[in-house]
Structures are given as structure tokens and as C-alpha cells.
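Colleague: Sequence:
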Amino acid sequence: MTDLSHLRADFPILHQQVCGHPLVYFDNAATSQKPRQVIDALVHYYEHDNANVHRGLHELSNRSTANFEAVRKKVARFIGAEHEEEIIFTRGSTEGINLVAQAWSAQHLKAGDVVVITGMEHHSDIVSWQLAVERCGATLKHVPVLDDGTLDISVLDSLLATEPVKMLACVHISNSLGTINPVKEICAKARARGVATLIDGAQAVGHVPVNVRDIGCDFYVFSGHKMCAPTGIGGLYGRLETLNSMQPWHGGGEMIETVTLERSTYKAAPHRFEAGTPDIAGVIGLGAAIDYLESVGLENIQAHGRELTLYAMEKLNALPGLRLLGPPAPADRASLAGFTLACAHPHDLVEFANTQGLALRGGHHCTQPLMKRFKAPGTTRASFYFYNTQAEVDRMIDILNQAIAFFS
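The UniProt record's numbering applies: residue 1 is where the sequence shown begins, and numbers increase by one.
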């Protein structure tokens, strides 16, 4: 197995006891832990550079602005964008999706049009597009999920061929099933029909190599807190010509060129979409997280995740009464395993695990339609990152065996 266990020393939070047991943190799909290098970058910013960006001429403001914009360049390079102006800082994936669903839809969506999503989308994608189509009288349709946790691409082909589809929104990696969707193929199909695409990369960026130009999408969103950065910061990639054709979705300082009492004019992207004081410290933390992940290597992170997931799936599948959802082949899924246990509700199981120091996630994971599709009240989810170990998986299996004995 790709051994990255030495990196655990960089994560202060991992070295603690929970309920009298060493912490095993398997809730990384909800949020990742932060290395000392990111924490130190935040402290350094507040102790040395704290000032508002873009609006001052003094030294602190100049330094803060330079560091802030340097991260924009870093993000563009990290995800393969052609221009740094194609990167908009957001609070996370949810805000990025909402920005597109509002600002893009206002000009490109009308009554009778169709937006296509998939049956494995996070609520942030489902609800945002429900609101968008309600505003203009368009229709929302979806691509169903097959029994093996993959998308029914034949339905997508049919929708693109027969419906007036204007937008296709698809998750890169399912946060409930772990499915890695063929987003490059999906975007190529949409582009051939003149359909815009938005990819939700919340579970992908920082976990697998991502190149938005290779994927061929029009928009791509991600959240920093799932990739070792602070909460409250994320990014939206958009093709530059598309962004500059869109009107602002929030008004305020920094996004304007001129303001009179009668009308205002607006800056070009990305600042057009960044009204008000941004999360400057969050951006600095995001930059530090990218530096850290690149020092580890995305290929190493991906390889470790695949190996650990394969090991966990083999162990989980051997447990009595356990049903593992998602693609059966580890190569087709990301570093998470969602499962049900016949003898225990996910909430009860997660509470039991907590008494043993094991942090799992139980519930519908903001994918209620997907849970309904698989006739599950919810699942228990174990999600891994590069600082997790095979020994921790063994500990989880031991705790699950205890839970089976307790609840049976």
C-alpha cells in the first residue's frame, strides 16, 4: 500500500482520544482535517498581513492583495484553467452552483427549456436548479442511477437528442456512492449538442487530479474544506467568455466600475462576481492547502485512496447483514464506502461507533432522492483521506463487529 502514514504528524487533531479511545476519523467526505501548515498560514496572515484587499494603498493592504491574487493563479494552475480570471472565490460548492443557477440562467434559460441533472446529485445541485427552472418556467429532468451505482448514459443520450436541453449539471464524484462519473465523456456529449455543463467537484478536487480544460466543462465548482483548506472558502471555474457574458448576482463593493444614483457599471470577471469583502484568510488557507497537497502528490493521494478503499470494501463485504452501495469495483469509485446494516439504523450505528472513538457519518448525506432510489432510510458512510491507515480500517471493522453483536 502507498504509505503516507508519516503525514499524520502534520495533523494535530488526529492525535487525541474520543470517549477514551484513539480517534479514527472517517468522515472526510463531510470535511477534511487541516495540517499544521494550513493552520500556520492562517495565524501568519492574522499576525502579519491582515488588511482588506484591492482597496488600500498601504503596505498591509498591498501585501494582502498580492497574496490573495497569487492564490487565484495557484487555483487556476491546480485545476487546469487557462486564465486566472476564470477562478471566482466562493464560500464553497453550494454557492458556486447557486451563482451559476441564478446568473447564467437569467440570460440563458427560458420557458420550455430543459435542465438535466442526475439522480445522484447533492441537494445543493437539485434545489438550486429547481429554483432556477421555477423562476423561468423551464423543466428539470434527470438521468437515473443504475443498480450498480453508475449513471444510465442511454437516458442522457436520449434527453440530449430529443429535448431542448440548455444545461447539464452532474456531480464528478458521488458523495454517497463514491461513483466516479465519466465527466469528460458526459461533457463531450453535451458540447456536441450545444449544451452548457456544470460539474460539481466537491469530492474530487484535492482527491484526484482535475483538469477542467481536459474535462471540457463550462463550469466547475469545489469546496476548500474537503481538501485540507478552511471552511467557508471554495471556487467556481467558468469559461472566461461565458463569465463575462453573465450579469452580476450580488451587488456591492469591488464588483463595480462606476456607480451613480441612476445606474452602475460592472467589472469583468472574476471581480464582477465577488461583491464585498471576501474571506481573505480562507483564500490564504486554500493556497497553503494546495501547496501541501502538491507536496504530497495528487497521484499518491489517489493511489492511497484506491488501495485503502479496496481493503475496506473487502472487509466490509465479509460482515453479516451488510449491504454496500455503489460500484463494486474500487477503480470506479472514490475513497468512501456507504453501507447499510440489517440490524441497526445508520444513526444508531454511528452513535455506537462514536463511543469507541470512530467518527462515521450516518443519514441521507444530502441525497434524499438517491436514498429513495436504493430503498434505504440512509446509509452509514466511511470516507477516507491520505492520512488514514489500514490499521484504522481494521479498527473500524472490529467496532462494526461489536455493533452487530450489540444490536442483534
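Keep in mind the hints are simulated off the structure, nothing from the lab.
Treat the hints with caution; some may be incorrect.
Unchecked claim - No more than 20 Å apart at the CA atoms, straight line, and that leaves these computed lysine to any residue pairs for SDA-like:
1. K141 <-> Q368
2. K267 <-> E241
3. K166 <-> T231
4. K73 <-> D332
5. K166 <-> K267
6. K110 <-> L140
7. K166 <-> M255
8. K267 <-> A66
9. K267 <-> K141
10. K189 <-> L131
11. K267 <-> P278
12. K110 <-> A161
13. K74 <-> Y311
14. K267 <-> A138
15. K267 <-> D291
16. K267 <-> R77
17. K73 <-> E47
18. K110 <-> R135
19. K110 <-> G80
20. K189 <-> T231
21. K372 <-> Q390
22. K110 <-> L131
23. K73 <-> G252
24. K73 <-> D291
25. K375 <-> A138
26. K267 <-> L140
27. K184 <-> R77
28. K267 <-> R135
29. K315 <-> D291
30. K372 <-> P144
31. K267 <-> T150
32. K74 <-> H58
33. K110 <-> K141
34. K267 <-> G112
35. K315 <-> C343
36. K267 <-> A281
37. K184 <-> H142
A quick note: this is a predicted structure, and the numbers were derived from the prediction, not measured.
Colleague: Hint by hint, say whether it matches the structure.
Modeller: Do the hints match the structure? See the list:
no.	hint	in the structure
1	K141 <-> Q368	16 Å, holds
2	K267 <-> E241	14 Å, holds
3	K166 <-> T231	32 Å, violated
4	K73 <-> D332	31 Å, violated
5	K166 <-> K267	26 Å, violated
6	K110 <-> L140	12 Å, holds
7	K166 <-> M255	27 Å, violated
8	K267 <-> A66	19 Å, holds
9	K267 <-> K141	35 Å, violated
10	K189 <-> L131	25 Å, violated
11	K267 <-> P278	16 Å, holds
12	K110 <-> A161	19 Å, holds
13	K74 <-> Y311	34 Å, violated
14	K267 <-> A138	30 Å, violated
15	K267 <-> D291	30 Å, violated
16	K267 <-> R77	23 Å, violated
17	K73 <-> E47	24 Å, violated
18	K110 <-> R135	9 Å, holds
19	K110 <-> G80	32 Å, violated
20	K189 <-> T231	34 Å, violated
21	K372 <-> Q390	32 Å, violated
22	K110 <-> L131	13 Å, holds
23	K73 <-> G252	24 Å, violated
24	K73 <-> D291	12 Å, holds
25	K375 <-> A138	29 Å, violated
26	K267 <-> L140	32 Å, violated
27	K184 <-> R77	19 Å, holds
28	K267 <-> R135	26 Å, violated
29	K315 <-> D291	34 Å, violated
30	K372 <-> P144	12 Å, holds
31	K267 <-> T150	41 Å, violated
32	K74 <-> H58	24 Å, violated
33	K110 <-> K141	15 Å, holds
34	K267 <-> G112	32 Å, violated
35	K315 <-> C343	18 Å, holds
36	K267 <-> A281	23 Å, violated
37	K184 <-> H142	18 Å, holds
Checked against the numbered hints listed earlier, the structure breaks hints 3, 4, 5, 7, 9, 10, 13, 14, 15, 16, 17, 19, 20, 21, 23, 25, 26, 28, 29, 31, 32, 34 and 36; every other hint is satisfied.
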